[in-house]
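Sequences listed follow chains A, B, C and D, in order.
Numbering that gives the first Met the number 0 applies: residue 0 is where the first sequence begins, and numbers increase by one.
Numbering that gives the first Met the number 0 applies: residue 0 is where the second sequence begins, and numbers increase by one.
Numbering that gives the first Met the number 0 applies: residue 0 is where the third sequence begins, and numbers increase by one.
Numbering that gives the first Met the number 0 applies: residue 0 is where the fourth sequence begins, and numbers increase by one.
The hints are simulated quantities; they were obtained by calculation from the structure and are not laboratory data.
It is possible that part of the hints are untrue.
[Stated by the list, open to error] Straight-line C-alpha distance at most 30 Å; calculated DSS-like pairs for lysine-lysine:
id: 1; chain 1: A; residue 1: K186; chain 2: D; residue 2: K186
id: 2; chain 1: D; residue 1: K134; chain 2: A; residue 2: K189
id: 3; chain 1: B; residue 1: K189; chain 2: C; residue 2: K189
id: 4; chain 1: B; residue 1: K186; chain 2: C; residue 2: K134
id: 5; chain 1: D; residue 1: K186; chain 2: A; residue 2: K189
id: 6; chain 1: B; residue 1: K186; chain 2: C; residue 2: K186
Because the structure is a prediction, the values reported are computed rather than measured.
There are 4 protein chains.
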Amino acid sequence: MSYSVAVAGASGYAGGELLRLLDAHPEFAIRTVTAHSNAGQRLGSVQPHLRSLADRVLVETTPDTLAGHDVVFLALPHGASGAVTADLDESTLVVDCGADHRLVNDNDWAAFYGGEYFGAWDYGVPELPIEAGRKQRDRLVGATRIAAPGCNASTVALSLAPGIAAGVIESTDIVSVLAVGPSGAGKNLKLNLLASEILGSANPYAVGGTHRHIPEIAQSLRAAGAADVSISFTPVLVPMSRGILATSTARIVPGTSAAEVRAAWENTYAGERFVELLPEGEFPRTADVLGGNVALLGLAVDEAAGRVVVVAAVDNLTKGTAGAAIQSANIALGIDESTGLSVNGVAP
Amino acid sequence: MSYSVAVAGASGYAGGELLRLLDAHPEFAIRTVTAHSNAGQRLGSVQPHLRSLADRVLVETTPDTLAGHDVVFLALPHGASGAVTADLDESTLVVDCGADHRLVNDNDWAAFYGGEYFGAWDYGVPELPIEAGRKQRDRLVGATRIAAPGCNASTVALSLAPGIAAGVIESTDIVSVLAVGPSGAGKNLKLNLLASEILGSANPYAVGGTHRHIPEIAQSLRAAGAADVSISFTPVLVPMSRGILATSTARIVPGTSAAEVRAAWENTYAGERFVELLPEGEFPRTADVLGGNVALLGLAVDEAAGRVVVVAAVDNLTKGTAGAAIQSANIALGIDESTGLSVNGVAP
Amino acid sequence: MSYSVAVAGASGYAGGELLRLLDAHPEFAIRTVTAHSNAGQRLGSVQPHLRSLADRVLVETTPDTLAGHDVVFLALPHGASGAVTADLDESTLVVDCGADHRLVNDNDWAAFYGGEYFGAWDYGVPELPIEAGRKQRDRLVGATRIAAPGCNASTVALSLAPGIAAGVIESTDIVSVLAVGPSGAGKNLKLNLLASEILGSANPYAVGGTHRHIPEIAQSLRAAGAADVSISFTPVLVPMSRGILATSTARIVPGTSAAEVRAAWENTYAGERFVELLPEGEFPRTADVLGGNVALLGLAVDEAAGRVVVVAAVDNLTKGTAGAAIQSANIALGIDESTGLSVNGVAP
Amino acid sequence: MSYSVAVAGASGYAGGELLRLLDAHPEFAIRTVTAHSNAGQRLGSVQPHLRSLADRVLVETTPDTLAGHDVVFLALPHGASGAVTADLDESTLVVDCGADHRLVNDNDWAAFYGGEYFGAWDYGVPELPIEAGRKQRDRLVGATRIAAPGCNASTVALSLAPGIAAGVIESTDIVSVLAVGPSGAGKNLKLNLLASEILGSANPYAVGGTHRHIPEIAQSLRAAGAADVSISFTPVLVPMSRGILATSTARIVPGTSAAEVRAAWENTYAGERFVELLPEGEFPRTADVLGGNVALLGLAVDEAAGRVVVVAAVDNLTKGTAGAAIQSANIALGIDESTGLSVNGVAP
């Protein structure tokens with residue numbers, strides 16, 4: 000059995016990664032690839048790394064071209080999902096890699112994005128602990144509308160949610176600083192994304208609490224049990240095409256031992272295939288997760304600082320976006336969750 | 000049916016890439032992983048990107064630990080293959096990713112490597128044209144001893160052999176300049192391989208005809224029909240971990256049209272899955288082949304210069320080494336040649 | 000008038016940067032360059048970027064070769080300064096770029112370095128506020144023994160000391176995460192410093208409170224007026240040869256306005272040439288300070304998080320080490336502080 | 000005495016490098032900085048690495064704003080120089096960093112650039128050998144209109160002209176392959192210049208004889224004495240912001256000894272400060288020339304290939320453009336040629 004699939008926005012970075020993974024997925028058959036300004040082009044000239052799909056031709060992104068598939072993956076600019084989704088059959092599984100359906104609170108949407116608010120879909124981070132010892136995975140079974148996460152948001156949420164859920168860390172003074180590659184900003188012609196601006200340099204942006212992933216992190220941590228969430232969040236562009244290395248710290252609840260802290264993460268992710276806590280003393284590198292659908296976490300308890308430090312490595316395009324989308328689709332459709340997804344990175 | 004496999008030298012870069020590919024190969028079962036100074040370590044700490052194999056433990060590389068497998072892949076330092084191979088059963092398929100068994104001429108060996116010469120094995124570049132319209136693939140069927148190619152050597156040979164075989168270019172004044180990533184030099188503690196020396200810099204080495212891959216290229220081009228071969232070969236280290244971008248030029252035989260030149264390559268590689276000539280006007284980039292078992296070629300005829308220019312992109316660890324080894328093993332064992340191997344790269 | 004200068008450890012990265020700056024300094028004349036394993040070599044082969052000094056020959060680092068100079072700059076491995084300094088004339092200005100003389104507390108030395116403790120020298124960060132509205136500059140006038148700072152330590156101390164001194168931020172829950180280039184780790188043959196390990200990757204190290212610069216930061220902040228200091232400090236190696244991008248946050252003292260916070264930094268660094276607070280809304284990049292003797296700071300008040308965020312960009316080898324050493328020497332000798340030092344970086 | 004200077008196009012990469020060098024030049028006083036879309040901005044926000052000039056305000060590029068200076072440096076897009084230069088006083092020294100005035104042959108202009116041809120100015124590569132043992136320097140003395148070179152063109156011309164002038168190499172089958180950083184392509188919003196496209200990749204462009212610097216190289220080699228020039232020229236973008244590493248080869252005239260070949264370069268560049276032939280066996284790296292006004296050459300005679308190989312490292316923005324412009328201006332004005340220019344690079 001094979002599901003027919005459309006990928007909308009197939010000429011961008013997230014779209015390309017979706018195609019790379021879908022092409023290797025035994026249950027999905029890529030039937031339609033769409034784009035806007037690149038419509039009419041061969042994939043071979045737009046995504047030259049996808050040799051197996053080089054002769055496919057991009058068609059325009061419209062409700063018509065997307066209709067009639069079992070699964071539709073959207074990798075469109077923010078704000079564009081609503082228009083093309085409205086007419087799709089309710090039984091079609093739609094997975095949106097954009098931001099349009101992530102936030103449950105319309106005030107958050109208004110404050111950080113603006114424009115029309117389309118409402119929240121089921122959030123595509125299966126491993127996130129939610130209430131009562133359950134995980135977000137449970138909500139994805141049978142879902143037909145899924146919002147793949149923001150790459151930075153899911154990385155930080157996965158880093159800290161276990162400690163929140165277990166009550167061993169405080170959620171009111173979190174600090175996260177992320178080294179991120181420019182592909183997370185998309186294939187956009189912006190001056191700050193030029194190679195000459197990024198090669199040999201570390202460049203901060205959205206400093207001081209303005210990044211759009213902040214409310215998404217808070218929402219995930221509240222789902223894990225936090226009453227209040229306060230987070231200082233700073234991303235730094237560094238010269239690697241892909242990857243997120245998130246260093247997140249939170250205060251340890253007084254009286255909690257280092258072993259109890261570590262146990263919260265071990266217990267949460269025991270048995271998870273795509274989120275792994277490394278052995279004590281080991282910390283992940285982004286090269287180790289390149290192209291792999293995996294979040295690797297390293298954890299240290301800094302007793303002098305009274306803080307836990309969790310370092311997480313994620314490929315923003317794979318586990319951060321396209322891999323999460325496919326993993327969530329697997330769950331929604333009742334396919335084995337790991338189908339078509341590898342935990343191994345391409346290194347060095 | 001599944002073949003039991005040993006990988007010797009599993010802690011290095013080529014060894015890691017062999018494991019990454021073998022783990023995804025449906026016909027091979029990794030049974031033994033060996034190392035020297037890392038023997039006793041978990042793979043998880045030595046090759047942290049291979050999460051699916053993290054709990055495997057490296058054993059010492061000896062004839063004993065390698066015995067009893069269907070297939071043995073060697074990724075050892077030059078000169079080390081002979082000692083561990085001598086005692087292996089003749090029916091065991093041994094694929095050597097080192098240089099020990101590549102050169103058919105012992106004078107070449109003495110001039111460019113030195114030390115004991117162990118003789119040539121079947122050369123693991125299936126797509127290379129050899130005499131009478133045949134390809135090297137034919138010689139690999141049923142082989143039990145295979146020498147995987149030098150990454151730069153196979154890249155340049157694949158770039159020019161079609162023109163040689165078709166008689167449209169001259170072999171006596173070839174010039175190749177290669178931009179290469181440092182992983183091709185292995186996991187070696189050398190000053191010129193430090194990140195501080197390579198980041199932000201392009202560094203030539205082995206300038207002036209001293210690189211060890213020169214006789215290997217000449218040998219391949221002679222196999223394709225060249226009487227004499229003269230090649231100016233210059234590699235340049237550039238700041239990317241993987242990849243070879245080889246720019247090779249040769250004089251066009253006078254009286255040959257641009258269409259005839261192009262046809263030589265088109266005819267040679269038509270139907271090949273892992274060597275592809277891009278459409279006219281397109282040229283490959285190393286990012287497009289990252290992790291993929293594919294050589295992408297772009298070709299231009301420079302009539303003013305009287306030369307063909309072939310630009311080839313290869314991942315030195317995949318199609319350049321480990322992928323070529325596995326592709327060759329597939330052929331030797333009678334498995335479908337493309338089993339376990341993808342043509343798609345991880346980009347951007 | 001010109002001071003005769005010796006540079007000990009001239010074959011390393013800090014030594015090379017000292018030479019680059021000293022060669023352009025109108026008051027210093029480089030008379031002696033020393034090394035250990037490279038003694039006898041021409042500088043042209045060891046530091047090939049220093050063409051103006053290419054014919055100088057490195058001599059062995061001994062008390063004898065260093066004797067008889069007006070100024071001696073030491074760029075030796077930690078623990079090596081004591082032996083060569085003991086015999087130098089007390090009137091000779093000695094500036095140590097190593098760690099041996101930075102820490103005033105021998106317990107800190109024992110806990111983070113170990114081995115014999117040689118005592119603290121005057122600390123070479125002139126712009127640091129100390130008690131009573133004074134700055135560290137005052138202590139450097141006429142000094143004959145100066146400890147140049149740890150590059151990460153001075154970057155973080157300069158980032159936060161103004162807020163401490165002004166009483167607008169708390170010192171008890173500081174978090175600093177730094178993106179750093181590998182040249183800060185020196186020209187050392189370590190696996191984690193290989194280009195293949197660092198290209199395309201962000202790699203954390205010394206996670207959880209173990210980095211040697213932590214007590215040095217605390218010491219500087221205490222000098223600025225902090226009673227207690229608690230800091231969570233995480234460095235991340237990123238693929239740029241030089242540079243530190245430090246993101247530091249501290250809780251704002253309740254009741255302090257954003258304007259009061261910003262004013263603390265503006266007042267402290269007004270008139271400083273080599274530490275600059277950028278206009279509101281601007282944040283620095285490491286490329287902007289490459290080769291320049293300048294620390295650029297950007298500051299944001301995150302009211303939702305209750306924290307100030309200070310992002311600082313410093314070239315670890317220039318303002319972080321060699322430039323700080325020369326700036327401090329200028330002060331000690333009564334030369335104009337900015338002699339031979341530029342605030343401009345080499346970008347892009 | 001100090002010359003008043005205007006820099007037109009001060010918001011681009013070449014303009015920024017001009018300002019960096021001019022600010023350190025004791026005989027030039029920057030009076031006017033102009034731009035087009037950035038007019039009205041502070042330099043501090045457009046060129047944030049130039050802290051010493053941060054408060055300068057960019058004015059519109061017009062004949063009026065450029066009038067009344069002793070020296071005008073133009074760093075404008077190709078085709079824009081003519082309009083702003085026409086009205087400038089004939090006694091004003093104008094140095095154009097664009098291509099408009101480089102080519103002496105209007106057919107070359109039409110074939111490789113097109114549009115109106117403005118005629119050639121004196122070519123700003125002082126060290127190039129021309130007829131009768133003279134150098135291009137002689138033509139720059141007293142010049143009032145100077146065309147700074149194309150960065151790739153001057154690098155290749157300096158690499159091979161000595162052998163041409165001495166008659167030891169043939170000019171009819173030259174091959175040059177260049178690893179180049181993206182800053183040479185300017186601050187342009189093009190897809191192929193995005194960081195995500197260049198990080199981790201080597202990307203060829205203008206393959207097959209179409210690059211605009213080809214006729215400029217040929218012109219320089221003819222000036223050095225070549226009758227006919229044929230050159231195969233391939234540039235490859237690599238992940239470093241600045242730098243050109245040009246590998247150029249030419250056939251050695253039969254009967255010429257290796258020593259005679261080497262002597263041609265040694266004799267040509269003996270006494271030159273800004274073009275240096277490295278000792279035998281040493282080859283340059285681009286990091287070694289970063290920010291330095293120097294071309295470093297390494298030379299090998301490959302007797303088996305019958306070719307000389309010259310590897311040249313140049314910073315495209317310094318010796319390749321802005322440094323060459325200032326060096327030429329020094330000569331034109333009768334200032335010491337090396338004023339304000341350093342041979343040292345910023346490395347690592």
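Do the hints match the structure? See the list:
Taking the CA atoms of K186/A and K186/D, the gap is about 17 Å. The hint holds against a cut of 30 Å. A distance of roughly 44 Å separates the Cα atoms of K134/D and K189/A; the hinted pair therefore is violated under the 30 Å criterion. Among the hinted pairs, K189/B with K189/C is consistent with the structure: their alpha-carbon atoms are about 9 Å apart, no more than 30 Å. Distance check on the hinted pair: K186/B and K134/C sit about 47 Å apart at the alpha-carbon level, beyond 30 Å; violated.
Taking the CA atoms of K186/D and K189/A, the gap is about 11 Å. The hint holds against a cut of 30 Å. Taking the CA atoms of K186/B and K186/C, the gap is about 17 Å. The hint holds against a cut of 30 Å.
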